[in-house]
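If you're matching them up, the sequences are chains Y and P in order.
Counting along the first sequence from 1, when you hit position 136 you're at 265 in our numbering, and nothing is skipped either side.
Counting along the second sequence from 1, when you hit position 247 you're at 248 in our numbering, and nothing is skipped either side.
If you're looking for bench data, these hints aren't it; they were derived computationally from the structure.
There may be inaccurate statements among the hints.
[As the list claims (entries may be wrong)] Within a straight-line C-alpha distance of at most 27 Å, the following computed DSSO-like cross-link-like pairs (lysine-lysine) qualify: (1) Lys30/P - Lys194/Y; (2) Lys139/Y - Lys233/P; (3) Lys30/P - Lys86/P; (4) Lys233/P - Lys190/Y; (5) Lys118/P - Lys194/Y; (6) Lys169/Y - Lys214/Y; (7) Lys86/P - Lys68/P; (8) Lys284/Y - Lys190/Y; (9) Lys194/Y - Lys258/Y; (10) Lys233/P - Lys140/Y; (11) Lys194/Y - Lys233/P; (12) Lys118/P - Lys144/P; (13) Lys250/P - Lys190/Y; (14) Lys86/P - Lys144/P; (15) Lys214/Y - Lys118/P.
Here's the letter readout for the chains.
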Amino acid sequence: MRELFSDELKKLHGRFMEMGINISEQIYQATSAFTQYDKKLAQQVIDDDQRTNSEEIFLEKEALKLIALQQPVASDFREIISILKASSDLERIGDHAVNIARETLNTSDQKNDVKIEKQIGKMAGDIRKMLEQVMDAYVNRDERQARKGAEKDLKIDQQYIDIRKAVTNAIESQETTAERGSSYLMIDRLLERIGDHIVNLCEWVVYNQSGKIVELNAGKISPELLQN
Amino acid sequence: MSSVITTEDVHLYYGETEALHGINLNFEKNEITALIGPSGCGKSTYLRCLNRMNDLIPNTTVTGSLKLNGQDIYSPNTDVVNLRKRVGMLFQQPNPFPLSVYENVVYGLRLEGVKDKQRLDERVETTLKQAAIWDEVKDSLHKSALAFSGGQQQRICVARVLAVEPDIILMDEPTSALDPISSAKIEDTLAAIRSDYTIIIVTHNMQQASRISDKTAFLLNGNLIEFDNTEKMFMRPDRQETSDYLNGKFG
């Protein structure tokens with residue numbers, strides 16, 4: 130029944146998953162490049178972003194075409210809409226990875242703070258895990274897993290606050306330079322934003338499965354949960 | 002791409018009334034073209050010009066050029082029976098003959114004088130498979146075709162059309178009398194045979210046009226308003242009338 134449409138939808142799904150995997154890799158490469166002062170790798174992250182951008186455009190075009198020509202309803206409709214919306218979140222995550230890479234290119238070798246960089250590395254790792262979990266939830270059509278994934282953002286937000294404090298202290302005590310310190314703050318912020326976009330992805334999984342538009346960003350709903 | 006049918010400045014008159022006001026349309030080999038438009042816009046009338054079905058209606062006059070592979074469809078030398086063999090047709094209401102499934106499918110071949118039992122058997126199996134009905138009728142090939150459901154009858158009719166291997170198949174709202182499941186089966190059948198045939202389909206169902214066709218022609222009041230790739234027609238048509246019609250604002 131309507132085999133052509135099912136095939137097209139599967140293809141769209143596959144391309145979306147592929148984009149998610151690539152983005153996870155980009156977050157890893159961008160933060161590694163930063164902590165290791167690897168300008169070559171940073172440049173590669175920037176170059177690879179072209180692929181992410183064209184992938185998003187491809188997904189948008191395909192999704193719009195399927196909506197216009199196949200007029201899907203119910204679960205097929207939600208699936209296409211969730212991919213359409215989620216792909217733009219993935220694209221924004223890719224942009225943030227590029228900004229991290231740019232920061233790497235802009236800083237010259239300054240006095241670095243091993244402890245802070247370890248914290249940043251951990252935060253990036255947690256974010257990747259969160260992204261992989263939501264992509265799994267997407268494949269498994271698992272609303273519960275998506276909701277659980279979104280809860281992890283609270284920890285990311287806490288890490289953001291903790292790193293910010295640590296950086297301020299390190300600058301004050303001159304353990305790091307103001308220049309390197311401001312890079313840390315920037316990257317801390319970018320990673321935190323990536324976490325928010327991953328929460329959006331979780332919300333689209335929930336929409337795909339249940340048709341409900343939900344707000345899962347705990348930091349937004351109850352900021353008092355975060356310790357300043 | 003090569004056009005199988007080319008038509009230029011086609012006018013059709015029912016007595017004094019002009020129903021088609023000069024239609025120019027070409028149909029490419031192995032493509033599905035959908036003709037859409039509100040009731041009375043002339044899409045069925047135009048379709049029926051292509052295999053001279055309008056000849057059966059008294060007082061009709063067709064002018065302009067209509068060619069099948071370069072040959073004039075309306076030339077006095079054209080053998081109409083042969084024309085309709087090359088340009089097969091499927092109607093809104095399934096119209097199997099009151100014969101067995103088998104005899105329905107081989108009807109055209111018998112007219113041609115084919116007697117070889119093996120060849121007939123082969124054609125029956127091949128075309129019923131192409132029409133996605135084989136599994137449902139293979140054990141009752143000698144049962145009357147009228148004993149089957151509307152959707153099944155329509156697919157038997159598809160097999161009957163395919164049996165004589167036409168170049169072109171005209172379809173006049175082939176699924177409007179069928180339920181959604183049967184319609185979807187017919188659509189899958191079209192998708193399966195599209196690479197071997199050139200199909201022109203009149204449909205009131207815009208979703209059907211968008212799902213299955215390569216090109217879409219929009220007719221209104223006997224005029225061709227717009228003709229383009231289906232994707233373009235449904236996503237960014239040039240004419241406001243097309244957009245309004247597709248969005249159900251009139252018709």
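Hint by hint, here is what the structure shows:
1. Lys30/P - Lys194/Y: Holds, because 24 Å separates the two Cα atoms, which is no more than 27 Å.
2. Lys139/Y - Lys233/P: 23 Å, holds
3. Lys30/P - Lys86/P: Satisfied, since the Cα-Cα distance of roughly 17 Å is no more than 27 Å.
4. Lys233/P - Lys190/Y: Distance of about 12 Å is within 27 Å: holds.
5. Lys118/P - Lys194/Y: 48 Å, violated
6. Lys169/Y - Lys214/Y: 32 Å, violated
7. Lys86/P - Lys68/P: 15 Å, holds
8. Lys284/Y - Lys190/Y: 36 Å, violated
9. Lys194/Y - Lys258/Y: 33 Å, violated
10. Lys233/P - Lys140/Y: Holds, at about 21 Å.
11. Lys194/Y - Lys233/P: 10 Å, holds
12. Lys118/P - Lys144/P: Status holds; Cα separation ~18 Å.
13. Lys250/P - Lys190/Y: Holds: Lys250/P and Lys190/Y sit about 26 Å apart, inside 27 Å.
14. Lys86/P - Lys144/P: Holds, at about 25 Å.
15. Lys214/Y - Lys118/P: Violated, at roughly 59 Å.
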